[in-house]
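Engineer: Here are the chains, one letter per residue:
There are 2 protein chains.
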Amino acid sequence: MIPTIEWHGQQIRMIDQRKLPSKIEWHICKGYKDVIKAIEKMVIRGAPAIGVAAAMGMAIGARAIHAKTTAAFIARFKEIGEEMVHARPTAVNLRWAVERMRGLAEGMADHPLDEIKAFLRQESEKILAEDIENNRKMGMHGQGLIPKGATVLTHCNAGSLATGGYGTALGVIRAAHEKGKKIQVIADETRPWLQGLRLTAFELMEDGIPVSVIADNAAGYLMRQKKVDLVITGADRIAANGDVANKIGTYQVAVLAKTHNIPFYVAAPLSTIDSTIKNGDMIPVEQRGPEEIYRFGKLQIGPSGVMALNPAFDITPAKYVSAIITEKGVIRPPFKKGIENLLDDRDLSG
Amino acid sequence: MIPTIEWHGQQIRMIDQRKLPSKIEWHICKGYKDVIKAIEKMVIRGAPAIGVAAAMGMAIGARAIHAKTTAAFIARFKEIGEEMVHARPTAVNLRWAVERMRGLAEGMADHPLDEIKAFLRQESEKILAEDIENNRKMGMHGQGLIPKGATVLTHCNAGSLATGGYGTALGVIRAAHEKGKKIQVIADETRPWLQGLRLTAFELMEDGIPVSVIADNAAGYLMRQKKVDLVITGADRIAANGDVANKIGTYQVAVLAKTHNIPFYVAAPLSTIDSTIKNGDMIPVEQRGPEEIYRFGKLQIGPSGVMALNPAFDITPAKYVSAIITEKGVIRPPFKKGIENLLDDRDLSG
Numbered sequence: 007m008i009p010t011i012e013w014h015g016q017q018i019r020m021i022d023q024r025k026l027p028s029k030i031e032w033h034i035c036k037g038y039k040d041v042i043k044a045i046e047k048m049v050i051r052g053a054p055a056i057g058v059a060a061a062m063g064m065a066i067g068a069r070a071i072h073a074k075t076t077a078a079f080i081a082r083f084k085e086i087g088e089e090m091v092h093a094r095p096t097a098v099n100l101r102w103a104v105e106r107m108r109g110l111a112e113g114m115a116d117h118p119l120d121e122i123k124a125f126l127r128q129e130s131e132k133i134l135a136e137d138i139e140n141n142r143k144m145g146m147h148g149q150g151l152i153p154k155g156a157t158v159l160t161h162c163n164a165g166s167l168a169t170g171g172y173g174t175a176l177g178v179i180r181a182a183h184e185k186g187k188k189i190q191v192i193a194d195e196t197r198p199w200l201q202g203l204r205l206t207a208f209e210l211m212e213d214g215i216p217v218s219v220i221a222d223n224a225a226g227y228l229m230r231q232k233k234v235d236l237v238i239t240g241a242d243r244i245a246a247n248g249d250v251a252n253k254i255g256t257y258q259v260a261v262l263a264k265t266h267n268i269p270f271y272v273a274a275p276l277s278t279i280d281s282t283i284k285n286g287d288m289i290p291v292e293q294r295g296p297e298e299i300y301r302f303g304k305l306q307i308g309p310s311g312v313m314a315l316n317p318a319f320d321i322t323p324a325k326y327v328s329a330i331i332t333e334k335g336v337i338r339p340p341f342k343k344g345i346e347n348l349l350d351d352r353d354l355s356g
Numbered sequence: 007m008i009p010t011i012e013w014h015g016q017q018i019r020m021i022d023q024r025k026l027p028s029k030i031e032w033h034i035c036k037g038y039k040d041v042i043k044a045i046e047k048m049v050i051r052g053a054p055a056i057g058v059a060a061a062m063g064m065a066i067g068a069r070a071i072h073a074k075t076t077a078a079f080i081a082r083f084k085e086i087g088e089e090m091v092h093a094r095p096t097a098v099n100l101r102w103a104v105e106r107m108r109g110l111a112e113g114m115a116d117h118p119l120d121e122i123k124a125f126l127r128q129e130s131e132k133i134l135a136e137d138i139e140n141n142r143k144m145g146m147h148g149q150g151l152i153p154k155g156a157t158v159l160t161h162c163n164a165g166s167l168a169t170g171g172y173g174t175a176l177g178v179i180r181a182a183h184e185k186g187k188k189i190q191v192i193a194d195e196t197r198p199w200l201q202g203l204r205l206t207a208f209e210l211m212e213d214g215i216p217v218s219v220i221a222d223n224a225a226g227y228l229m230r231q232k233k234v235d236l237v238i239t240g241a242d243r244i245a246a247n248g249d250v251a252n253k254i255g256t257y258q259v260a261v262l263a264k265t266h267n268i269p270f271y272v273a274a275p276l277s278t279i280d281s282t283i284k285n286g287d288m289i290p291v292e293q294r295g296p297e298e299i300y301r302f303g304k305l306q307i308g309p310s311g312v313m314a315l316n317p318a319f320d321i322t323p324a325k326y327v328s329a330i331i332t333e334k335g336v337i338r339p340p341f342k343k344g345i346e347n348l349l350d351d352r353d354l355s356g
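Chains A and B, in that order, are what the protein sequence lines are. Residues 7 to 356, numbered by this note's numbering, are exactly what the first sequence covers, in order. Residues 7 to 356, numbered by this note's numbering, are exactly what the second sequence covers, in order.
Honestly, the hints are just simulated from the structure, not real lab data. Take the hints with a grain of salt, since some may be wrong.
Per label pair, the in silico range of CB-to-CB distance [claimed, not checked]:
no.: 1; chain 1: B; residue 1: Pro216; chain 2: A; residue 2: Glu88; range: 32 to 40 Å
no.: 2; chain 1: A; residue 1: His14; chain 2: B; residue 2: Gly214; range: 52 to 60 Å
no.: 3; chain 1: B; residue 1: Thr265; chain 2: A; residue 2: Ala78; range: 53 to 61 Å
One side only, chain B facing chain A, incomplete, derived with CB under 7 Å [what the hints assert, rightly or not]:
no.: 4; residue: Ala207
no.: 5; residue: Ser218
no.: 6; residue: Val219
no.: 7; residue: Tyr257
no.: 8; residue: Phe302
no.: 9; residue: Val312
Glycine included, C-beta positions come from ideal geometry on N, C-alpha and C.
The whole structure should be built from the sequences, with the hints applied where relevant.
Structural biologist: Laid out in structure tokens, this is it:
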């Protein structure tokens with residue numbers, strides 16, 4: 007599998023996900039503003055991958071700071087973090103990564119600047135490595151939920167490309183496949199960006215996992231035909247009560263799963279949990295431009311001047327979620343208590 | 007509004023709906039096989055429009071029959087009908103139109119062939135005119151269900167372009183607009199053919215009715231945000247119990263409407279009701295090629311060799327339908343009785 011993002015000398019390079027699968031092309035970031043732009047423009051996407059990109063972006067930003075004192079350095083570093091956090095509003099991993107980097111810098115305030123800068127770069131590499139490791143753990147915990155021979159429906163791309171590597175939802179699917187469970191996948195194409203068709207199908211085909219793509223509007227039909235055994239998606243932010251923000255369309259897949267008595271699982275690292283937020287209604291939902299709906303590449307497909315609504319995410323209330331799969335294990339309802347327990351554990355072990 | 011289909015001298019011409027809205031182009035049919043091909047390839051689509059096209063196609067087919075006896079003529083005419091009926095399997099209007107034309111020919115068996123042929127052409131014109139008239143009546147009956155200022159969600163295109171003119175679901179919307187109700191429309195883009203984006207938005211914008219397009223996967227989010235007051239769609243076939251076959255995605259919109267306590271209405275002429283079929287599970291659902299999912303025009307957008315499932319329709323059980331709007335009035339549940347009553351009425355008056 008091609009890496010999602012990596013250091014390349016003094017630069018960051020990431021696969022331009024807007025061009026997949028027809029072109030595999032590196033996108034180079036030389037400064038932190040390039041990283042912000044790459045996140046905004048969806049060169050890189052997926053909550054955990056955005057977190058990794060933000061950490062690397064902070065490190066590259068730190069390197070370029072010319073400050074006479076550590077205090078001045080940290081003040082400027084915080085400003086960069088503020089800019090970075092606003093690149094996209096929904097995925098909380100962005101803020102999580104920025105805060106982790108800021109915390110490290112502040113904790114090293116009595117070290118020489120060059121040392122802080124070097125540690126920040128190392129920390130970004132550590133965040134990348136941990137992310138992959140967490141995904142493997144999620145896979146290990148989550149694959150137990152997938153019966154042999156099951157057909158799994160997934161929405162958007164919560165795969166290797168959405169993370170440092172291996173994937174959250176697709177990590178669980180990969181782990182079940184590696185166990186020899188002979189599963190197959192139905193991938194919602196996921197308009198308007200078609201991450202399911204372009205990225206999920208591409209990743210799974212590379213791994214030899216059978217996958218069929220469907221239009222987003224066919225999920226209900228297939229569930230009613232008993233062609234779907236379970237659903238797994240990723241998450242962009244999970245509130246303290248277990249409400250889940252994820253790619254637009256996740257909510258209606260969850261409602262349909264409930265209607266058809268099909269389990270609906272969410273796989274996400276603990277860094278996706280935002281315990282400062284009581285419930286999902288408080289999660290900001292990014293509204294993107296209408297041209298993503300009425301244009302295809304440079305080709306206009308809708309009538310001139312057409313209006314479009316383009317929410318990029320939606321909120322799935324916890325009552326639709328059968329379980330949340332994390333690197334520390336599987337959380338079952340009631341989620342509030344389960345999340346608290348795991349986060350306490352995270353604080354102790356972190 | 008541009009006409010969907012019309013006689014043009016000895017030929018049939020129809021707007022090529024695959025090219026809208028960027029190109030307004032006539033597609034010419036010189037023989038009945040051209041009409042079959044146009045239906046198969048979706049040059050023309052929408053159950054009532056397919057019915058009109060089939061009737062015209064039968065008339066053009068009749069004209070070309072060289073037969074020595076009326077019996078030979080009718081035998082050949084029936085064969086053409088058999089071919090026509092198989093152009094697409096789900097919309098019952100196709101069979102309805104073919105049977106009406108065949109019935110006319112058989113009823114005229116003692117007339118000269120030229121006279122039969124002329125009557126068949128007239129009958130096809132009558133079917134077109136009746137379709138438009140029926141849509142206006144549906145609009146009149148249905149608009150009472152739309153409150154002032156309502157936001158109406160619709161799926162696919164059940165508009166002027168799906169019919170002889172005016173539209174079924176969009177006919178109801180047009181009638182409410184003409185009453186000055188200041189409504190607005192949310193149009194599901196309706197993958198893979200994007201009839202909502204390309205046709206519904208185009209039609210409504212021409213009429214000055216406010217419309218916003220959404221990805222199919224955003225309907226649930228908007229319903230949860232209380233941005234949708236009611237749903238109206240068309241139908242391709244309605245079973246005796248009120249189960250509705252319609253464009254893929256209709257079923258899940260209906261489930262979502264139910265979940266959010268939003269009324270879900272279906273607008274269709276009586277010719278869409280198939281009283282020979284007890285329930286929706288007996289309606290054949292057309293499965294179309296995977297390339298409609300992974301290609302956009304000639305551009306391949308998915309990975310090479312990707313598999314895709316592409317059901318063109320789905321079945322919405324009657325329990326999700328709040329009412330069926332027909333040219334004879336609004337049918338409320340229980341639909342079986344209501345449909346029987348209206349069809350009895352149809353037999354008497356027709």
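Engineer: A separate judgement is required for each hint: does it hold in the structure or not?
Structural biologist: Outcome of the hint check:
no. : hint                           : in the structure
1   : B:Pro216 / A:Glu88: 32 to 40 Å : holds (38 Å)
2   : A:His14 / B:Gly214: 52 to 60 Å : holds (54 Å)
3   : B:Thr265 / A:Ala78: 53 to 61 Å : holds (55 Å)
4   : Ala207                         : holds (5 Å)
5   : Ser218                         : holds (4 Å)
6   : Val219                         : holds (4 Å)
7   : Tyr257                         : holds (5 Å)
8   : Phe302                         : holds (6 Å)
9   : Val312                         : holds (5 Å)
Violation of the numbered hints given earlier is absent; every hint is satisfied by the structure.
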